[in-house]
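There are 2 protein chains.
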Amino acid sequence: MLTGIHVSLIGGDARQLEVIEQLIEMDASVQLIGFDNLQTIPNGVTRTKLTPEALEHADALLLPAVGTDDKGHVVSIFTSEELVLTEEHIASLPKHGKVYTGMAKPYLTELCSRHGIGLVELFDRDDVAIYNSIPTAEGALMMAIQNTDFTIHGSNSIVLGMGRTGLTMARALQGLGSTVKVGVRRPEHYARAWEMGFKPFYVKDLADFVSDVDLLFNTIPVLVVTAQIIAKIPHRSLIIDLASKPGGTDFRFAEKRGIKALLAPGLPGIVAPKTAGRIIAQTLSHLLMEDAGKRRNDA
Amino acid sequence: MLTGIHVSLIGGDARQLEVIEQLIEMDASVQLIGFDNLQTIPNGVTRTKLTPEALEHADALLLPAVGTDDKGHVVSIFTSEELVLTEEHIASLPKHGKVYTGMAKPYLTELCSRHGIGLVELFDRDDVAIYNSIPTAEGALMMAIQNTDFTIHGSNSIVLGMGRTGLTMARALQGLGSTVKVGVRRPEHYARAWEMGFKPFYVKDLADFVSDVDLLFNTIPVLVVTAQIIAKIPHRSLIIDLASKPGGTDFRFAEKRGIKALLAPGLPGIVAPKTAGRIIAQTLSHLLMEDAGKRRNDA
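Residue numbers (the working numbering), protein chains in the order written: chain A, 1 to 299; chain B, 1 to 299.
No lab work stands behind these hints: they were computed from the structure. Note that the structure is a prediction, hence the values are computed from the model and not measured. Among these hints, one or two may not hold up.
No distinction is drawn between identical chains; accordingly, a pair holds when it is met within one copy or between any pair of copies.
As the list claims (entries may be wrong) - List of simulated lysine-lysine pairs, DSSO-like, C-alpha gap at most 27 Å:
1) K294 <-> K260
2) K95 <-> K71
3) K274 <-> K256
4) K256 <-> K232
5) K256 <-> K204
6) K49 <-> K245
7) K245 <-> K294
8) K260 <-> K274
9) K71 <-> K232
10) K204 <-> K49
11) K232 <-> K274
12) K256 <-> K71
13) K95 <-> K274
14) K199 <-> K98
15) K260 <-> K232
16) K232 <-> K95
17) K199 <-> K232
18) K245 <-> K71
19) K274 <-> K204
20) K199 <-> K274
21) K71 <-> K105
Construct all of the structure, not just a fragment, from the sequences and the given hints.
Quick look at the structure:
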């Protein structure tokens with residue numbers, strides 16, 4: 001339980017609703033900032049403006065997926081007011097306070113480090129990335145079904161990268177009856193891909209494996225789907241790039257050759273905000289309980 | 001090969017393009033009626049108006065998925081002209097000629113029977129229905145991903161009916177990590193569902209199994225998802241009805257209770273026209289070759 005733990009949430013999207021629900025279930029004190037348009041707020045939750053005073057007792061400050069932009073703006077679908085997180089706000093957090101966000105821009109990293117405030121990038125954690133790979137893969141399947149005139153079943157697909165997202169993607173495709181080749185860079189991934197019934201190859205040899213590809217999913221965040229590769233891909237193929245912006249595909253050349261290539265946006269928050277919110281909520285609760293335990297032991 | 005076989009196509013949608021391509025590859029003589037807007041037509045294909053004379057040498061007449069309506073209208077996305085198949089047209093077909101369609105309305109059935117012309121309803125065939133169940137299941141997955149805020153992975157799903165579509169649907173859900181219960185009516189289906197790792201139950205006991213359902217897929221073409229059942233379904237659930245119109249769901253009551261229930265349209269032609277066209281083409285070619293063989297033996 002999180003009894004006595006103060007959590008402030010600034011901004012966010014539908015995911016936050018699930019986080020709020022779970023925090024309340026665990027008896028945390030929840031304060032919402034930038035949620036003016038939320039019709040009803042649950043019992044025991046307070047709503048306030050973004051001021052340094054409001055954050056003085058926050059054991060945890062939860063920001064949305066992208067945290068802040070380079071100037072401190074925080075996105076919220078629940079308010080029309082502008083939310084800017086400043087140095088003053090971070091400075092007012094208690095010494096043991098921590099900031100939780102999906103990803104942090106240098107702006108946030110610097111502010112936190114300057115004031116000795118712990119910063120946790122949730123999406124960086126392996127467990128969160130693996131859980132999030134599930135809605136990502138389902139979103140990618142949805143895009144593939146929408147953007148092709150053939151079925152995934154019976155298709156030749158390639159997944160580049162066998163990390164946290166690549167493995168989930170490959171399994172989802174296999175589950176629907178696609179013949180899945182997996183491009184890896186490490187021999188242990190080659191071995192695992194083979195054990196799982198995929199057809200493994202080394203990414204450096206990609207050019208030799210694309211001539212019959214229907215669906216190409218990239219998860220590697222460097223340029224791997226180059227013009228040379230795209231030149232060998234059949235016209236009917238669809239490329240879906242799941243690597244973080246700007247992806248690993250030469251989109252300009254794909255367009256020039258008339259091959260459809262899509263950079264997938266943050267799919268978990270789009271296709272499954274409830275599940276994505278639960279992933280954040282469960283990890284956050286776990287971390288908050290761990291921290292509270294440590295503080296009790298130190299006291 | 002289909003050398004010397006005359007096939008006339010009247011109207012249709014994107015699926016027909018795949019059929020035309022495959023018929024040409026197999027060297028059939030192809031005649032298109034109601035394809036005026038098709039920019040380029042392949043070599044060796046002729047285009048003509050819908051007249052009795054045009055059909056005098058047709059060994060096979062291929063109509064679109066729905067054949068004709070109750071007054072003989074044939075749908076074509078490739079022309080703005082109205083296409084009406086009349087008794088005169090059917091009467092002009094050679095005696096050994098056959099009409100192929102997805103489904104036939106009584107209008108078409110009667111005309112063919114009156115003139116002793118064979119009529120094949122392709123979607124009625126078990127093999128075609130099983131092949132078509134693949135794009136149907138993928139389309140249903142797409143609808144489920146689009147219309148829920150949770151992932152299929154980790155969800156509790158129910159598939160009603162373990163026929164040609166139900167089995168495919170259940171396997172697709174299982175492949176994505178859903179816990180799948182399958183409602184059956186026959187003990188051999190119960191046994192097979194159990195063998196495949198699903199949780200089987202008898203449809204008559206459905207009310208006992210819906211309290212924790214997230215996704216409910218119906219394939220049974222009679223009213224099984226009744227008001228009594230819907231009253232026990234959680235609000236978050238999504239019902240997707242894959243049975244032919246009007247489906248097996250009390251949609252009126254679902255709406256009243258605020259539970260989202262969708263009657264899936266003809267998904268194969270929508271989500272995977274190329275695959276769906278290939279299914280038609282392969283079955284049609286096979287049947288045409290069989291018929292040609294019989295005619296040679298009779299001669």
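Hints, verified against the model:
In this assembly of identical chains, the alpha carbons of K294 and K260 never lie at most 27 Å apart, being 51 Å within a copy and 46 Å across copies at closest. Taking identical chains as interchangeable, the C-alpha atoms of K95 and K71 lie at most 27 Å apart only when both belong to the same chain, with a minimum of 23 Å there against 79 Å between chains. In this homomeric assembly, K274 and K256 come within 27 Å of each other (Cα to Cα) only across copies, at 24 Å, whereas the closest approach inside a single copy is 38 Å. When the C-alpha separation of K256 and K232 is checked against a cutoff of 27 Å, the pair qualifies only within one copy, where the shortest distance is 14 Å, while the shortest distance between copies is 54 Å.
Taking the shortest alpha-carbon separations for K256 and K204, only the intra-copy value of 24 Å comes in at or below 27 Å, while the best inter-copy value is 57 Å. In this assembly of identical chains, the alpha carbons of K49 and K245 never lie at most 27 Å apart, being 32 Å within a copy and 53 Å across copies at closest. Proximity of K245 and K294 under a CA criterion of 27 Å is satisfied in neither setting, with 37 Å inside one chain copy and 61 Å between copies. For the identical chains of this complex, K260 and K274 are inter-copy neighbours only, at 16 Å across copies versus 30 Å inside a copy, given an alpha-carbon limit of 27 Å.
For the identical chains of this complex, K71 and K232 are neighbours neither inside a copy (43 Å) nor across copies (50 Å), given an alpha-carbon limit of 27 Å. When the C-alpha separation of K204 and K49 is checked against a cutoff of 27 Å, the pair qualifies neither within a copy, at 53 Å, nor between copies, at 55 Å. Taking the shortest Cα distances, K232 and K274 sit within 27 Å of each other only across copies (22 Å), while inside one copy they are farther apart (40 Å). Within a single copy, K256 and K71 get their C-alpha atoms no closer than 36 Å, and across copies no closer than 47 Å, so neither meets the 27 Å cut-off.
Taking the shortest alpha-carbon separations for K95 and K274, neither the intra-copy value of 32 Å nor the inter-copy value of 61 Å comes in at or below 27 Å. In this assembly of identical chains, K199 and K98 lie within 27 Å of each other by CA distance neither inside one copy nor across copies; the values are 44 Å within and 45 Å between. Only within a single protomer do K260 and K232 lie at most 27 Å apart by alpha-carbon distance; the minimum there is 14 Å, versus 44 Å between protomers. Within a single copy, K232 and K95 get their C-alpha atoms no closer than 57 Å, and across copies no closer than 50 Å, so neither meets the 27 Å cut-off.
Taking CA atoms no more than 27 Å apart as the test, K199 paired with K232 passes inside one copy only; the shortest distance there is 19 Å, against 45 Å between copies. Proximity of K245 and K71 under a CA criterion of 27 Å is satisfied intra-copy only: 19 Å inside one chain copy versus 55 Å between copies. In this assembly of identical chains, the alpha carbons of K274 and K204 never lie at most 27 Å apart, being 38 Å within a copy and 32 Å across copies at closest. With identical chains, the CA atoms of K199 and K274 are at most 27 Å apart between copies only, with a shortest distance of 26 Å across copies and 34 Å within one.
For the homomeric pair K71 and K105, the shortest alpha-carbon distance inside one copy (9 Å) is at most 27 Å, but the shortest distance between copies (65 Å) is not.
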